[in-house]
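Once you've looked at the hints, dock chain S against the given chain Y.
There are 2 protein chains.
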Amino acid sequence: MAKELTSREDNYSQWYNDLVTKADLAENSAVRGCMVIKPYGYGIWERMQQALDKMFKDTGHENAYFPLFIPKSFFSKEASHVEGFAKECAVVTHYRLKNDPNGKGIVVDEDAKLEEELIVRPTSETIIWDTYRDWIQSYRDLPLLINQWANVVRWEMRTRLFLRTAEFLWQEGHTAHATKDEAIAEAEQMLRVYAEFAEEWMAVPVLRGVKSPNERFAGAVETYCIEALMQDGKALQAGTSHFLGQNFAKAFDVKFLNKENKQDFVWATSWGVSTRLMGALIMSHSDDNGLVLPPKLAPIQVVIVPIYKNDEQYELISDKATEIKKALETKGIRVKYDGRTTQKPGYKFAEWELKGVPLRLAIGPRDLENNTVEVARRDTLEKESLYQQNLEQKVANLLEQIQKNLFQKALDFRNENTFKVDNWSDFKVRIEKGGFVMAHWDGTSETEQKIKEETKATIRLIPIEGYPEEGNCIYSGKPSAQRVYFARAY
Amino acid sequence: MAKELTSREDNYSQWYNDLVTKADLAENSAVRGCMVIKPYGYGIWERMQQALDKMFKDTGHENAYFPLFIPKSFFSKEASHVEGFAKECAVVTHYRLKNDPNGKGIVVDEDAKLEEELIVRPTSETIIWDTYRDWIQSYRDLPLLINQWANVVRWEMRTRLFLRTAEFLWQEGHTAHATKDEAIAEAEQMLRVYAEFAEEWMAVPVLRGVKSPNERFAGAVETYCIEALMQDGKALQAGTSHFLGQNFAKAFDVKFLNKENKQDFVWATSWGVSTRLMGALIMSHSDDNGLVLPPKLAPIQVVIVPIYKNDEQYELISDKATEIKKALETKGIRVKYDGRTTQKPGYKFAEWELKGVPLRLAIGPRDLENNTVEVARRDTLEKESLYQQNLEQKVANLLEQIQKNLFQKALDFRNENTFKVDNWSDFKVRIEKGGFVMAHWDGTSETEQKIKEETKATIRLIPIEGYPEEGNCIYSGKPSAQRVYFARAY
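Taken in order, these protein sequences are the chains called Y and S.
Convert by adding 1439 to the 1-based position in the first sequence; the result is the number in the numbering used here.
Convert by adding 1439 to the 1-based position in the second sequence; the result is the number in the numbering used here.
Only chain Y is shown next, with the shape it has when bound in the complex (with noise of 0.2 Å):
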């Protein structure tokens, strides 16, 4: 089973989409662009939804829902969000469809044309702003602090399952806020929300900055990020944050009376992170075998696989397994016991090895005697023996160790591909070997964009704590007060 992905490699591409659709994450549908996500994948998106819905609520959110649709000429109000975004975006134009007069299925019925086109919404910050219109009248209705789960639409050219798909979930925070300090504030808040939710759920590591003037979302004064390293050296955008001014409050004219009894524009903020999160997710910790999935995450913490060799022993390996399922379900642990008869345990290993189940038991006949079970960690591929003594308190320690485990690998690499280069020679040679260059930048966006188009590396962020030092741009040799990080990005 495990034998036909490839490996990373041979074709690090071709073995991610191997991994996305072996596993039963995800797969392409009949819709160009767009993805099924399979129940597997789908349990593992549920549980990001659960973590960052409970962290979004403490931190006084609420959900609400929005339209689907945007009438077009909502993005042409504010003049660079339509830029970015009122392009490449799918379209409706009619209502109603009719039997083809000739007789050939369906056809579109060209007397029910909308008036104004529909947008599938790419992103919703012109529908919400325009609705906040009416909510927002005085200080004391701020701040509205409101996030909505939901699809959205952008028709890419080229499409990655998770990656960059047309249709994607995602989760999108819409705020408003009396002060300019106090959007800021939110807008970093969330920020740490993404930071702490990446490393501590994903065991992912970031890297938090702002994003260059080029980068910036379309409509954002400025961009927070976070940005993750995969296996093959690329960087990856796990999540925004844009404080945005009162661009959006002017472009919907959203007024307020402030505590000093004036009117003033609304300031904004909006943050997101979606079903990309899942390709970071894979492509931080899984090997050639399958996908690895940090516990917290995993629909199935545990898969517990009988070993026999007759209907006695089978019989006596499930009461025991069925046991130990209990036990360790007692401690909120997920477990699976897999008693397929129809399967011998070697498939069964290679299944959730590919399927990325932290950890393994078996149980055969010689555990029965010796009360033991071996336990197999998914991370590290080691086995060791475990007297069932007590063993929900071991496997509980086991998960976490894992949870740690591959952070603290995904770190390191990160750390061994991070890379302080000084020179423009070297700095070409480095990017194209993959990880972050830490390199002195102008501050320009001509020589950002020069960077790009020699190397296809893009600024990642400028860090926000910044660690000044003083250096000279790779690329013009002009001065720098301080390193940006560099990288290819997905």
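Think of the hints as simulated: they come from the structure by calculation, not from any bench.
Values in this document were obtained by computation on a predicted structure and should not be read as measured data.
Hints may be right or wrong, so weigh each one.
Each pair may be met inside one copy or between any two copies, as identical chains are not told apart.
[Claimed, not checked] Mimicking DSS-like on lysine-lysine, the simulated pairs with C-alpha atoms at most 30 Å apart in a straight line are: (1) K1496 - K1735; (2) K1891 - K1872; (3) K1833 - K1843; (4) K1895 - K1759; (5) K1764 - K1689; (6) K1872 - K1701; (7) K1516 - K1552; (8) K1493 - K1764; (9) K1787 - K1701; (10) K1552 - K1526; (11) K1794 - K1770; (12) K1619 - K1689; (13) K1543 - K1619; (14) K1891 - K1698.
Below, chain S alone, put in the same frame as chain Y:
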């Protein structure tokens, strides 16, 4: 505040609209027929989702996600389905916009016309069965028990918040089975799940039955349904579960190797409930003061309002309220302390009544002295003074009583408004006044259609378990073996 609500007697329809908007549940958006679900309304929907999702998982179902868009040609594959669903829908014809050459905003790029139009899903049978073809080869792949939480779009001409909107949120279960009996058992099981949810969580009593052929889902062999009676005497279909036979398997060529090693078409069900349930919830319990929520679904179950004359009293009462809040929360009760100093108690009372909070606790200076609180029930509007001692248990009991009382009240109302009628003139009079009318019907679509034309009443359901009783059709006089339920409906 509550005074602004139109009374039910004056104008039931206006009362409903007032209530939905003034209680902050939902509002119309800038997009025709699409609603914005506001945080308070969404909080109720989230609780519905959680309860249903758990019930689905407890019966062995998993969640997945299928594309928003469906190729137009898919609809033509199932003959009756196309008639029912492929007409009034949102059609995506283009995938790009461009700047208007005349400089006036953005326009559709005619060069970016899709080869085949995409329909925004009105329901997902077609795209899902097209996917299942690759997932199902043998009986070992069955049953497939999948649910999806999603948005769907049906281009309704006349829309009403929650009850009928162009876009709505729902869940749709789509299961695949090896045998007819198993599929029927699944469809019936999910109807029981829906009925249990409606009665135990929403406190809405429902009738269970099957639809007449006229009212069947387009593509189903049998449509099971639950029907509730609203306060204005109109029925509301609260959920449906369909036995689809092999119709979709045949349309999408989904075959499997059965245990006898023969190829056969797969048997199917689908079932769904939507944000329409919010309409059923509102219209079942609410009154002229506003929303009345069953405690199990109320985002806030208990609100505490301080009654004070000066800062010192405010401080003391706030401390006590916070202490009580914490004690209630240890019992898992959802509590809000409304410590706003900008609003008077009377205003707060009216606001929380409007929002349907099941219990209100008021604490004043005398309560501090006497160790009491004033407790007001939203369902009966009764007040009583309770000692603070063991308050959490008393409140928990009260919440349980309210939940039961709401169900009983709604059940009594339905019983009082269900009538047996045996002739056509009585039928016409009775239908005009509202309620369920149990009458004999000859079983033909023609008669059903005539009755609908003359009275606007439809057959809501044919009882499943049946009350066999010989009689004569109220319209045609032909023989009938059991009564069916008629009503005018939402």
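Here's how the hints hold up against the structure:
1. K1496 - K1735: Answer is both: 19 Å inside a copy and 20 Å across each meet the 30 Å cutoff.
2. K1891 - K1872: within (15 Å within a copy, 74 Å between copies)
3. K1833 - K1843: within (15 Å within a copy, 45 Å between copies)
4. K1895 - K1759: neither (57 Å within a copy, 63 Å between copies)
5. K1764 - K1689: neither (58 Å within a copy, 41 Å between copies)
6. K1872 - K1701: neither (56 Å within a copy, 55 Å between copies)
7. K1516 - K1552: For K1516 and K1552, the Cα distance is within 30 Å both inside one copy (23 Å) and across copies (25 Å).
8. K1493 - K1764: For K1493 and K1764, both the intra-copy (28 Å) and inter-copy (21 Å) Cα distances are at most 30 Å.
9. K1787 - K1701: Classified as between: cross-chain Cα gap 27 Å, same-chain 69 Å, threshold 30 Å.
10. K1552 - K1526: both (21 Å within a copy, 13 Å between copies)
11. K1794 - K1770: Classified as within: same-chain Cα gap 23 Å, cross-chain 39 Å, threshold 30 Å.
12. K1619 - K1689: Classified as within: same-chain Cα gap 14 Å, cross-chain 60 Å, threshold 30 Å.
13. K1543 - K1619: Classified as neither; 59 Å inside a copy, 32 Å across copies.
14. K1891 - K1698: The answer is neither: 47 Å in one copy and 59 Å across copies each exceed 30 Å.
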